[in-house]
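Residue numbers (the working numbering), protein chains in the order written: chain A, 276 to 588; chain B, 276 to 588; chain C, 276 to 588.
Among the hints, a few may not be true.
Since the list can't tell identical chains apart, any single copy or any two copies may satisfy a pair.
[Stated by the list, open to error] Pairs of lysine-lysine residues, derived as DSS-like cross-links and limited to a Cα-Cα distance of at most 27 Å, are as follows:
{"id": "1", "residue 1": "436", "residue 2": "392"}
{"id": "2", "residue 1": "406", "residue 2": "277"}
{"id": "3", "residue 1": "490", "residue 2": "468"}
{"id": "4", "residue 1": "300", "residue 2": "311"}
{"id": "5", "residue 1": "297", "residue 2": "311"}
{"id": "6", "residue 1": "536", "residue 2": "436"}
No wet-lab data here; the hints were simulated from the structure.
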Amino acid sequence: MKNFIQLSDAQDLGQLIQEALKLKKEPLSFFPGSGKTLGMLFFNASLRTRLSTEKAARLLGMEVMSMNVMNDGWALEFSDGVVMNADKAEHVREAAGVLSQYCDILAVRSFPGLKDKEADQKEQVLGAFRKHARIPVINLESATAHPLQALADAMTILELKTRKKPKVVLTWAPHPKALPQSVPNSFAQIMQKMEVDLVITNPPGYDLNPEFVQKTPVLHDQHAALEGADFVYVKNWSSFEQYGQVLTQNPLWMMDQEKWKLTNEAKVMHCLPVRRNVVISEELLDSPHAVVLQQAANRTFAAQAVIKNLLEA
Amino acid sequence: MKNFIQLSDAQDLGQLIQEALKLKKEPLSFFPGSGKTLGMLFFNASLRTRLSTEKAARLLGMEVMSMNVMNDGWALEFSDGVVMNADKAEHVREAAGVLSQYCDILAVRSFPGLKDKEADQKEQVLGAFRKHARIPVINLESATAHPLQALADAMTILELKTRKKPKVVLTWAPHPKALPQSVPNSFAQIMQKMEVDLVITNPPGYDLNPEFVQKTPVLHDQHAALEGADFVYVKNWSSFEQYGQVLTQNPLWMMDQEKWKLTNEAKVMHCLPVRRNVVISEELLDSPHAVVLQQAANRTFAAQAVIKNLLEA
Amino acid sequence: MKNFIQLSDAQDLGQLIQEALKLKKEPLSFFPGSGKTLGMLFFNASLRTRLSTEKAARLLGMEVMSMNVMNDGWALEFSDGVVMNADKAEHVREAAGVLSQYCDILAVRSFPGLKDKEADQKEQVLGAFRKHARIPVINLESATAHPLQALADAMTILELKTRKKPKVVLTWAPHPKALPQSVPNSFAQIMQKMEVDLVITNPPGYDLNPEFVQKTPVLHDQHAALEGADFVYVKNWSSFEQYGQVLTQNPLWMMDQEKWKLTNEAKVMHCLPVRRNVVISEELLDSPHAVVLQQAANRTFAAQAVIKNLLEA
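Please take these sequences and the hints and turn them into a complete structure.
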């Protein structure tokens, strides 16, 4: 593995998940990172990703240097050929080149602006770091993908599934703000590679990018979709078709205990942070059916497996 | 010890102070933190607390991960049963649950708002972390208490006292902004457990919460209180009675060299940061009577003793 | 060496540069920092300086604690004798005294305000830390000097020079904002100690402080200056004479491929961050003549040599 920008960067995704599950049992067995440094760049807020990735790197023996780009460093320019006489003080070409000399792996979080579909789809920020860095780059959630979250989610489903081919439902839920499609994109993508029966449900106008949906059935009837589900992954996203728009906040799409009764005693998943009583009802979230903390715990070992692979490449 | 939220969390406060004094002599003797992680969450500014606690944890072999919650993470909701459709993206239940999986001890700084007496008195923020975290929680200064500062202060008095039962005066001093009562609360509390003759002096309207004053004499005449003092702890706080108000900035209450002459060559203490020529005169602060740097130095070993106890519990 | 505030703090500058070059080859050979802590205080943005200095300290075995003073800590007062009843909560006397107890070396970045020439020239911020700290202080770029950058620049020239006494041209370039003179000051200073033929070129009104220019020829004709240059150091600075002013942004002073043809196949240098197509043309910056990344890489080992010297003093 040379980078971990998207799930397809893993030669063998199943093996990577198995390695993460193994590391969870023996997190302090391998130190390929001794004497090496992980650089982490945050263009956006982060709690789980920041701490679990830092922890993963240290478990492997690495040093970690983190920067909140917006507060600590210089405003970065990403376009080529620009006369830089405005507010951007440094070009990503130099920044990535310099960071490549201080670090052994670079991890970057950069959310989409959700205004310019084309710029977001071509992953302007992460793409520039991948292009100009001379060291492996890890995606800590980009404009279109959150592969570390997807790995942790896959681990959680493997840990908890009670039948060979469980039914997994990815359901849209309401939210007051426009959120990226990165988490549902990567979740759909990893589920499509696993032995599960995946169904996506969302209101009309909220269908995900067809490249990520592939042949997965998309239902606009949430109740029908939830029927018999073993896992329900709840998540809001903004419209891909009417790009970045919040078309509805219809509270009838919130996941709650009533709807849970339609499922096969499903485990309820969410990547966090979650807005209680908006996305998922408090009652359901505080019930033993919710496995959101287990997902979060798995983030450490997903990151550890990825970093270990990059170090050993 | 399971948490260190308030001084009463220590089974034996005297022993804890003695252990801190011992660690000061041999800070690199114990490594119970090896392979473990301290998470530090700051809702407010910090210099001494941040650095001394980080240093203490590293002296014990721990890794440290710090977050400025306001800048780095998600706005947190602390109320239960809320429909989270406004500006708060994450509930403390999830945040504390997640942090409990990445860290072995959690340390939290959260000052009072000084607007809502009831909310502050019930320690809404720190209380929520204590309730929802599954790991020990350390108070890095909360709405009503600053027990790590009190430990360091007690160490300083033990190191410097020249008679068996010294007279210790806690005196209010003026300040342009409304400050918490946490430092004087915890200082009064720890002094009440020690073999000292404690007196509190403040203007009318500034009496501390009776729960912290207990039977300590409170004088509204600063000169009378200072008479014969061996230690003078100077500190501003906002009114508890007229909650959070600045009732006076009377400069006659500033501690200075003239008033020092009333004392028994007292050592002058302050938790820092201190506003020069407002709280304490520059002349006195720069004299050998001021022991504020010694107090600050002791913060490291107070934190080290607390963390060591939590790790070994 | 007791501090590294300016280049003259090094007893033997040539030896320090040689040591840095040696460390570049064997960065993990010396651990004099084991059990010791570097404190880093940033009053301004930083990428290279922050990460290379942190990395250098860790290579020597040190722990590192960083603070963005403006966001994380208390607003600092630097004047003596002030009644601190306004917005500054802590005096540098206490801050420096406290930090001296938690850290073994203190590193500080503080840019000039570029409003008050006298205050900037006397290095109010860094000078106060040097005066009140009880541990060695490192300059991470101050109002008038950036000696760590100068060390890395000198290393780069030694690594790349092809004749005994190369011609080195320091040329002003346009920039939309007022920048400090610290980088050109320190670069001129270190070049004056080396076996090079140094020439400075800048528009009228932009002559540097005569204390740093010394006897170096200053040409107001850029083309004449560039003739036959082996190294061209490009950098903007604001006017010293009309202090802190941007007198011109004349694009004719930008360094580009055309002007490069006047040189002796010069290596093109810049401290970064650099504004493309304003300071240096993209074409030249992306050509093999530009050695800006090598300069940035050398920052780590320059810092390592300085820290090693301070630890061993």
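Can you name, in rising order, the numbers of the hints this structure does not satisfy? 1
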